[in-house]
Amino acid sequence: MKFWSMHNKKLCLSVFIFVLILALAELHIKSKPPCFCGTKFEFKNFFSHEPFSRQLPLTTQKLIAFLNDHAALNFSYGQQFQNNMHLFQRLIEGAYPITYREDAKYLLLLQSEFTPTNCKEVQVIDEVKIASCT
Amino acid sequence: MPVALSLLPIYLLGLGSFMLWLFPKQSFQINCKFFAIVLSGGICINYFLLMAIPSLTVSFLVGSIFAALGLTIYFYKRSQFTSFGNFSPYVAGILVFLLLSYPPYILFRPLVDHDARSIWFMHGKMIHHLGGLYDHRDWHNPAHQFSHLDYPKLIPSLAAQIAWLGGVWNDFVPKISIFVLYVSCILAFLAYFKNSFRRFLYLLLSLLAVKKWICNGYMDGYVAWATGASVLALIHYMKDQKYDDLILFISMASIALGLKNEGALAILMAEIFFIIYLKAKWREVLTSFKHYSVASILPLLILPLGFVAWLIKKNEWHLNNDLDIGTRSFGRILMRLKGDGPALFFNSILNDEKTMLITFVVILVLLGLMFLRGIKITWQMLTPFLVAMAYGIGLFCVYMATTWDLQLQLDTSIERTVLILKVLLNLSIVSILCSSNLFDLRKKIKEAL
Numbered sequence: 001m002k003f004w005s006m007h008n009k010k011l012c013l014s015v016f017i018f019v020l021i022l023a024l025a026e027l028h029i030k031s032k033p034p035c036f037c038g039t040k041f042e043f044k045n046f047f048s049h050e051p052f053s054r055q056l057p058l059t060t061q062k063l064i065a066f067l068n069d070h071a072a073l074n075f076s077y078g079q080q081f082q083n084n085m086h087l088f089q090r091l092i093e094g095a096y097p098i099t100y101r102e103d104a105k106y107l108l109l110l111q112s113e114f115t116p117t118n119c120k121e122v123q124v125i126d127e128v129k130i131a132s133c134t
Numbered sequence: 135m136p137v138a139l140s141l142l143p144i145y146l147l148g149l150g151s152f153m154l155w156l157f158p159k160q161s162f163q164i165n166c167k168f169f170a171i172v173l174s175g176g177i178c179i180n181y182f183l184l185m186a187i188p189s190l191t192v193s194f195l196v197g198s199i200f201a202a203l204g205l206t207i208y209f210y211k212r213s214q215f216t217s218f219g220n221f222s223p224y225v226a227g228i229l230v231f232l233l234l235s236y237p238p239y240i241l242f243r244p245l246v247d248h249d250a251r252s253i254w255f256m257h258g259k260m261i262h263h264l265g266g267l268y269d270h271r272d273w274h275n276p277a278h279q280f281s282h283l284d285y286p287k288l289i290p291s292l293a294a295q296i297a298w299l300g301g302v303w304n305d306f307v308p309k310i311s312i313f314v315l316y317v318s319c320i321l322a323f324l325a326y327f328k329n330s331f332r333r334f335l336y337l338l339l340s341l342l343a344v345k346k347w348i349c350n351g352y353m354d355g356y357v358a359w360a361t362g363a364s365v366l367a368l369i370h371y372m373k374d375q376k377y378d379d380l381i382l383f384i385s386m387a388s389i390a391l392g393l394k395n396e397g398a399l400a401i402l403m404a405e406i407f408f409i410i411y412l413k414a415k416w417r418e419v420l421t422s423f424k425h426y427s428v429a430s431i432l433p434l435l436i437l438p439l440g441f442v443a444w445l446i447k448k449n450e451w452h453l454n455n456d457l458d459i460g461t462r463s464f465g466r467i468l469m470r471l472k473g474d475g476p477a478l479f480f481n482s483i484l485n486d487e488k489t490m491l492i493t494f495v496v497i498l499v500l501l502g503l504m505f506l507r508g509i510k511i512t513w514q515m516l517t518p519f520l521v522a523m524a525y526g527i528g529l530f531c532v533y534m535a536t537t538w539d540l541q542l543q544l545d546t547s548i549e550r551t552v553l554i555l556k557v558l559l560n561l562s563i564v565s566i567l568c569s570s571n572l573f574d575l576r577k578k579i580k581e582a583l
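Residue numbers (this note's numbering), protein chains in the order written: chain R, 1 to 134; chain S, 135 to 583.
Just so you know, these hints were derived from the structure itself, not from any lab. What you are looking at is a predicted structure, and each value in this text was computed from that prediction instead of being measured. We treat Cβ as the ideally placed atom computed from N, Cα and C, and that holds for glycine. One thing to keep in mind: the hints can contain errors.
Unchecked claim - Incomplete in silico selection of chain S near chain R, CB under 7 Å:
| # | residue |
| --- | --- |
| 1 | I240 |
| 2 | P244 |
| 3 | M256 |
| 4 | N275 |
| 5 | F280 |
| 6 | V302 |
Make the full structure from the sequences, and use the hints.
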């Protein structure tokens with residue numbers, strides 16, 4: 001009774017501010033979904049030796065597998081392939097330490113791209129054709 | 135492999151302990167603050183070694199010698215560190231909860247998000263495969279330029295070192311580097327916990343402010359945390375002028391500097407207010423420094439060396455930022471200020487960051503109330519708010535100076551760049567509530583009962 005009979009304005013103000021902060025915290029939670037949704041744990045792969053990430057797009061995985069199978073140290077690509085950011089960036093990240101080199105043996109081109117005369121088409125993987133150049 | 139990786143905490147704590155022989159001769163309590171100083175110090179010294187020594191193997195060997203020396207120093211000086219301070223079961227419980235809640239999402243979720251995969255861990259992969267940072271042939275490869283190669287290398291180099299230690303580069307092992315960062319930030323926050331509900335509220339608000347950005351491999355959440363933790367240590371230093379607060383401020387600031395360029399902007403602002411404080415309170419600071427030896431100043435200079443080493447290397451290799459910040463930016467800033475730049479910026483904030491704006495209004499109301507009631511507004515109450523405002527202005531200028539399309543830049547990054555602002559504003563609320571007896575609930579309730 002004594003507590004409430006005080007009519008302590010300062011106390012009311014403090015409580016009001018704390019409630020406001022808690023409301024802010026609540027807003028924080030509701031404003032955007034937390035990170036926990038849609039994630040998959042992969043305990044068993046923690047120490048796995050994988051030649052490339054399984055999170056990469058399937059085409060990129062196949063391209064990296066091709067480069068690994070042919071013991072390629074580097075590769076080159078056509079302008080249209082480079083313009084396809086999704087394919088280009090994922091390949092650069094995923095294939096590393098196999099890197100881009102202008103005079104590389106293997107040239108990656110989109111199907112719509114012209115194959116240079118000094119190169120011979122050796123394999124087609126989805127929308128990408130791989131040419132071996134001399 | 136797990137055995138090799140289990141050496142990592144001993145290695146980092148040992149490196150951090152190496153600083154102990156330079157500390158002033160006063161007793162230190164073994165509590166969260168002690169571990170936060172030692173771990174964050176270890177991370178900073180390790181970063182410097184990785185920047186200064188060409189090979190991952192040699193840097194680890196040199197680091198191991200320092201770590202062994204550090205552990206020896208700890209055992210030699212252990213009489214100075216016997217008391218177990220305020221490491222209460224309450225704090226321990228929260229620590230255990232925090233160590234069990236987020237880390238599974240940090241460690242066992244593969245790298246899928248763009249910046250994590252294409253920037254931070256791409257750089258880590260390059261350092262790992264090149265065997266160190268000095269072999270810079272791939273840093274100039276035209277195919278890698280999309281990866282923002284000029285970004286700081288604290289996490290990439292630590293990830294590369296961990297992968298080297300574990301003997302494998304995959305989607306999981308390098309992420310242990312993020313876990314190390316998580317632990318050091320949590321310890322730095324808990325260092326000032328002291329069983330207070332309001333401090334817990336700050337921790338909760340800071341956790342909520344960064345949400346997914348601490349477990350998806352991005353650095354934005356951590357740079358916000360490290361900045362928040364360093365400013366938290368700074369306001370405690372402003373209050374008591376204790377050496378351990380100062381060293382925690384410098385070490386967390388050095389971590390923020392090594393994480394992301396936004397960290398450099400925020401820490402620059404914090405340093406400016408620190409210098410203003412030193413100028414205003416130089417007599418008190420000088421008196422506190424009289425108890426320290428000259429050697430005690432050395433850790434303060436050693437900790438940011440990793441960041442300095444990377445700046446030198448970056449300039450040497452001509453790795454430039456795509457934002458092209460410099461004197462050339464003024465023209466772009468003026469042009470955007472005359473155009474719709476400010477409208478786009480504030481629209482973006484209004485649409486996406488309403489809670490941050492409410493926090494900002496709450497702080498203004500609190501400061502207004504204190505002013506009206508004639509309550510003295512101290513340095514530690516005001517500093518986080520001023521640092522936040524200065525960072526906000528800096529961020530506004532950076533957006534106005536961008537070479538990219540402003541709307542695109544805002545859409546893709548504003549949510550992340552304001553994290554520092556959010557954490558600092560949350561810190562402002564708590565520092566005002568903690569510093570002012572006007573809002574001391576416990577005291578009021580005790581009086582009432």
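Find the hints from earlier in the document that the structure breaks and name them by number, from lowest to highest.
-> Those not satisfied come down to hint 1.
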